[in-house]
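Peer 1: Chain A is already provided as a structure; the job is to place chain B on it using the hints.
Which chain is which? The protein sequence lines are A and B, in order. Take any residue in the first sequence, count from 1 to its spot, add 1: that is its number in this note's numbering. Take any residue in the second sequence, count from 1 to its spot, add 992: that is its number in this note's numbering.
If you're looking for bench data, these hints aren't it; they were derived computationally from the structure. Here the structure is a predicted model, which is why all the values come from computation and not from measurement. Worth double-checking, as some hints may not be accurate.
Claimed, not checked - Below are the DSS-like pairs computed for lysine-lysine, each with C-alpha atoms no more than 30 Å apart in a straight line:
{"hint": "1", "chain 1": "A", "residue 1": "K54", "chain 2": "B", "residue 2": "K1102"}
{"hint": "2", "chain 1": "B", "residue 1": "K1098", "chain 2": "A", "residue 2": "K42"}
{"hint": "3", "chain 1": "A", "residue 1": "K20", "chain 2": "B", "residue 2": "K1090"}
{"hint": "4", "chain 1": "B", "residue 1": "K1034", "chain 2": "B", "residue 2": "K1102"}
Unchecked claim - In silico negatives: residues of chain A with every beta carbon more than 12 Å from chain B:
{"hint": "5", "residue": "M14"}
{"hint": "6", "residue": "G15"}
{"hint": "7", "residue": "K19"}
{"hint": "8", "residue": "G29"}
{"hint": "9", "residue": "L46"}
{"hint": "10", "residue": "S56"}
{"hint": "11", "residue": "P62"}
{"hint": "12", "residue": "S63"}
{"hint": "13", "residue": "R64"}
{"hint": "14", "residue": "S66"}
{"hint": "15", "residue": "L79"}
{"hint": "16", "residue": "A81"}
{"hint": "17", "residue": "Q83"}
{"hint": "18", "residue": "S95"}
{"hint": "19", "residue": "E104"}
{"hint": "20", "residue": "V116"}
Where a beta carbon is used, it is the ideal one built from N, C-alpha and C, also for glycine.
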Amino acid sequence: DTEVTQTPKHLVMGMTNKKSLKCEQHMGHRAMYWYKQKAKKPPELMFVYSYEKLSINESVPSRFSPECPNSSLLNLHLHALQPEDSALYLCASSQDWGVVVTEAFFGQGTRLTVV
Amino acid sequence: ILNVEQSPQSLHVQEGDSTNFTCSFPSSNFYALHWYRWETAKSPEALFVMTLNGDEKKKGRISATLNTKEGYSYLYIKGSQPEDSATYLCAPQYNFNKFYFGSGTKLNVKP
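Chain A with its partners taken away, still in its complex shape:
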């Protein structure tokens, strides 16, 4: 199983709503990532978890709150978002073997629209 599964595929939320994006992988990967992609722009790194601990936060606003409850799951909790946060949110995972370079596997993304 080389899949990274993201749910939901599409999400429309109001600016006062609270919602969560979910990501799951069963490849035994210990590094998991959230990326954000706006139209015609490259995916931008948001967060990296390594062995269930947050290792990288790319100065993301606090209205985005990541959580890694176990080694297979990664959540992104959303609260008080703005319309400019509308984007494709991609989850990825990879092995985390220190100096050994490995590829990252991506989900299909969640298309988020904030109204």
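Peer 2: Okay, now just chain B, sitting in the frame of chain A:
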């Protein structure tokens, strides 16, 4: 924000044409270079990971080279087919888990 540039932004070729794209990136503290292929409504798919200066990788009709000293990589597609139509992204890596993506080259292969 890291400046990763890919060129051209888009490319239209006829079936059977060979083509190539460029990825340029800062070479300081470089760790590895990843190429991904991304079709609409699908997940980005890893093509190659390269680490050493002069690395060359090949998968079928697609190959890639890496120059870490000057900070660039080329992706080549020989005899393009319509199913090669996709966006090709490069992603240099600067420590264990930090990948930065270029904006991609969108390839359209006409039958």
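Peer 1: Each hint: holds or not?
Peer 2: Cross-check of the supplied hints:
| no. | hint | result |
| --- | --- | --- |
| 1 | A:K54 <-> B:K1102 | violated (46 Å) |
| 2 | B:K1098 <-> A:K42 | holds (12 Å) |
| 3 | A:K20 <-> B:K1090 | holds (26 Å) |
| 4 | B:K1034 <-> B:K1102 | holds (20 Å) |
| 5 | M14 | holds (21 Å) |
| 6 | G15 | holds (26 Å) |
| 7 | K19 | holds (27 Å) |
| 8 | G29 | holds (16 Å) |
| 9 | L46 | violated (7 Å) |
| 10 | S56 | violated (7 Å) |
| 11 | P62 | holds (16 Å) |
| 12 | S63 | holds (20 Å) |
| 13 | R64 | holds (20 Å) |
| 14 | S66 | holds (20 Å) |
| 15 | L79 | holds (21 Å) |
| 16 | A81 | holds (25 Å) |
| 17 | Q83 | holds (20 Å) |
| 18 | S95 | violated (7 Å) |
| 19 | E104 | violated (4 Å) |
| 20 | V116 | holds (22 Å) |
Violated hints, listed in ascending order, are 1, 9, 10, 18, 19; each of the other numbered hints is respected by the structure.
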